[in-house]
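Chemist: Those protein sequence lines, which keep their order, are chains A and B. So the working numbering is basically just the index in the first sequence, starting at one, shifted up by 9. So the working numbering is basically just the index in the second sequence, starting at one, shifted up by 48.
Any given hint could turn out to be false.
Listed below are the simulated DSS-like cross-link pairs for lysine-lysine, each with C-alpha atoms no more than 30 Å apart in a straight line [said to hold, decoys possible]:
no.	chain 1	residue 1	chain 2	residue 2
1	B	K105	A	K78
2	A	K89	A	K119
3	A	K56	B	K104
4	A	K26	B	K225
5	A	K78	B	K104
6	A	K119	B	K225
7	A	K119	A	K66
8	A	K56	B	K178
9	B	K104	A	K18
10	A	K56	A	K78
11	B	K225	A	K78
12	B	K130	B	K150
13	B	K225	A	K18
14	A	K128	B	K225
15	A	K89	A	K26
16	A	K26	B	K105
17	A	K28	A	K89
18	A	K66	A	K26
19	B	K159	B	K178
20	B	K379	B	K150
21	A	K56	A	K28
22	A	K28	A	K78
23	B	K225	A	K66
24	A	K128	B	K105
25	B	K104	A	K128
26	A	K56	B	K105
27	A	K28	B	K104
28	A	K28	B	K105
29	A	K18	B	K105
30	A	K66	A	K89
Worth flagging that the hints you see were computed from the coordinates, not collected in a lab.
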Amino acid sequence: MDLRDLFTKIFFDREYKEKITFFRTVSLFSGLSDRALGNVLGIVHSKIYPAGETVFKAGQEGKALYIVKTGEVKVSRDGKEVCRLGSGEFFGEMALLEEIPRTATVVTSKESQLLLIYKVRFDELAEDTPRTGVMLLRNLASILSARIRDLKDLDTKPLQTK
Amino acid sequence: MRDLTAREIFIIAVVIGVTGWFLYLVRDILLPFVLSAFFTYLLSPLIFRIESFGLKKIISVVILYLCFFVVFAGILVYLVPKAINELAVLRNNAPRYFSETKGLLSDFQFKIEDRYPFVKEKQIFDTASKKVEELFESEVARIPGYVLGIFSLFSIIVLIPVLTFFMLLGSAELFQKMMEAIPPRYVETTLSLFYEADSVLGRYIRGQMVETSFVGVLSIVGLLALGIDYAVLIGAAAGIANMIPYVGPFVGFILAAFVGLLEYKTAMIVIKVAVLFSVIQFLDNNLIQPIVIGRGVNLSPLTIVFSLLAGAQIFGILGMIIAVPVAGIIKTVLTIIFKPRAKKIEEKAVII
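Chain B on its own, in the form it takes in the complex (with noise of 0.2 Å):
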């Protein structure tokens, strides 16, 4: 291929240009079709199972939005409001729970004072409490908010699987449209390292969503047996929280443990939470993530608790979301670069 002339570079760049600033003038909007043509990503090896049967695409996509249509009705219908209960009633119980909680520590804090004087004098408990209670208070009431506000109602139930649908039926057509406009020369290049990079990328982004599905619906089926108050809380808490290996199980257990205490104030509660959320443990271990997660990227701990909080630090709650994704993109794309040579087997050619 012959090389850019200056003129074709000049408007190269300024085509770029203009889209670039055509996107940051529209930005607001641009979620939902960012979200959705990640939707088609990751749903597109679906699309090519079912099709490999000989349907055809829309058929194929039609296949898929009814079943995703059943579990999503049977959430929307049956979690849903039960999510949107509990949040209303863990508002309107925060200040119980923070002054029953207090209750057990005040005991603590007369035994303390009593044996260090200079603990009272500086008002250490007095402060620390009144700070807590302030966060607690303001950071419950926020939380339905922090989730409407990322995501309207409309753009959740609308846009996204109406925006999805076209990606996933138009995408094999757009893909074809880019492979035919890559010179010849580079197709074997530029391909393969796409391929290589959503070979491990893609595999570990659709095996965290599976790994999370499974354990937030199995901690929420075994929360609600055991009549365990926000279950359905608990138990998305547990699903999003066990990307973190190691860490993430606890927060589960933690929290289910407090809540059980509370309400049945009797330490066996503490062991069935404990067992259920072993067995769930045990099961996604041996179960689930031999098969989901296969040859992807593994964080290690580590990288996954940094990389969250400089998330936080940087975009806040949304930072945390994308955190993992992000750090999961930097490490295949160095797992790519540096990625040792396949071990050629060496074999005098001596032909029996």
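Next up, chain A with everything else stripped away, as it sits in the complex (with noise of 0.2 Å):
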């Protein structure tokens, strides 16, 4: 073994590695430099749900974001099943930009690995660093306006809301 090797063994976390290699395969963590992912590191709790448990309900204030680590949900609303999430996808997203209630209902469709990111802790790292501040807000800005595009029949009506 080299000393290089020795050296990288002895001062540095292995499961920091693993964890930056899965931040890259979430799109709102895209452009974002080694450094950056560690700072968003240390804002992301991670819990176990077991298959078939609700992590949210429509209507319930949101507060945190969800990545999906291992395992998958299902997003429902109105008692119908709207898509499935698997591993590097995230929900929840409205919740770090507002405390506005939840419009869909998750549960886990098997047992998950879920990351939480919580609006509090997002707006101090925002704050803290806010070149990383910058480009999580312009990466979930970019998914939002992706998400309004996709919406159908845009282009025959505008929407309105109020």
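Take the two lone chains and join them into the complex the hints point to.
Modeler: Structure representation (structure tokens):
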């Protein structure tokens, strides 16, 4: 074993590399440097949910974003399944912008490890490391704008939510 | 989640009761543990920062300890002996200072007594000065005792750093265990509440500590440069008093001006001290406060003075030390409970 390997083994966290590699697969984090991802790592919590567990229900106030690390969740609205999300996908991102009621119910369909990012901590991170904050908010904005573009019959009539 | 059965509630109550009783029995040894937990809480964000480079937790904690070691070794080697020495000198000189001050005052006394004879009859000045003298002698002599009474030297040098080291190492794991133990439906609300409190209070306490050290160190350096006696003691007092807005900065100024005047007997020293503290205040207000206090709670001077006095009334010196953080906690909780809902941007959803 050469000296550099030994040095890395003694001083650096092996799991760190794995976690960063996983973060690279999440679109919210695209374009972030390793260092920035390291900062994000500090505000992420993980929790294991058994299969069939409700993550949140529509109408509850949202305070966190969830990222699926392993497993799968089922998103449903008005009792109808909308989609299933797997590893690397995330949901509840509106909570990072506004504390508003959830618009859908999410239930795990398999045993899943979910990563949570709380709005409060996200705001702190953005304030403490503005560069990372700008990147994250920009990614979030382009994801939301892509979703708006994807909405059907967009060009036929403008949406009136009020 | 299902509701708890009566049996489970009984078991939980017994466990809480026994734990409480046990903690009461060992209350005398709890302080170092509580302080270590407090330091762990304060230092955790720094550990996260170091860890974000990909370093192992233990390496991060060791790096932090090495940094602190350099700073504290400097303080221990240079400032502590100086401060102890200053305390000893102060204790010896206190009667002399008192008599010098009394000399100045007695001229004043004669003038007053000449004009208003009843003052002399009632012996107002004599009684007052006797009382002050008693108070001064007994209080000054007791200062080192206060400090050592609260923290034994062993717990400062050995116990607290060691306990904090292990708490820093284990805190993330403990937190993860708690996270897994919280039922899924409560995870979002409970932890969000915790972090809201942490965001306000943690910033407040960390900010105060940074500010206190900044003002303290600058005052000590400045006073040493001006050649004022008791520079370390006065600087430390100025740093701590700085927690009270408006009032704090004057404490350092008045102490230093008083000592300087007794020592040099010229008005020039008062001006120098005034300039020094003005510069420190300016730097603190414009450089440090905007960075460290940020979104933290800001207690009004009135609240701070009231809580300091209330703390002193209930727990004495220790009460004064914990009064401001406790007031901060109460204000934080109230802020969170009565938090105005963030104003939502109402937009007609016409997508362009």
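Chemist: When the hints from earlier in the document are held up against this structure, which numbers fail?
Modeler: The structure conflicts with hints 8, 15, 17, 18 and 20, although it agrees with all the remaining ones.
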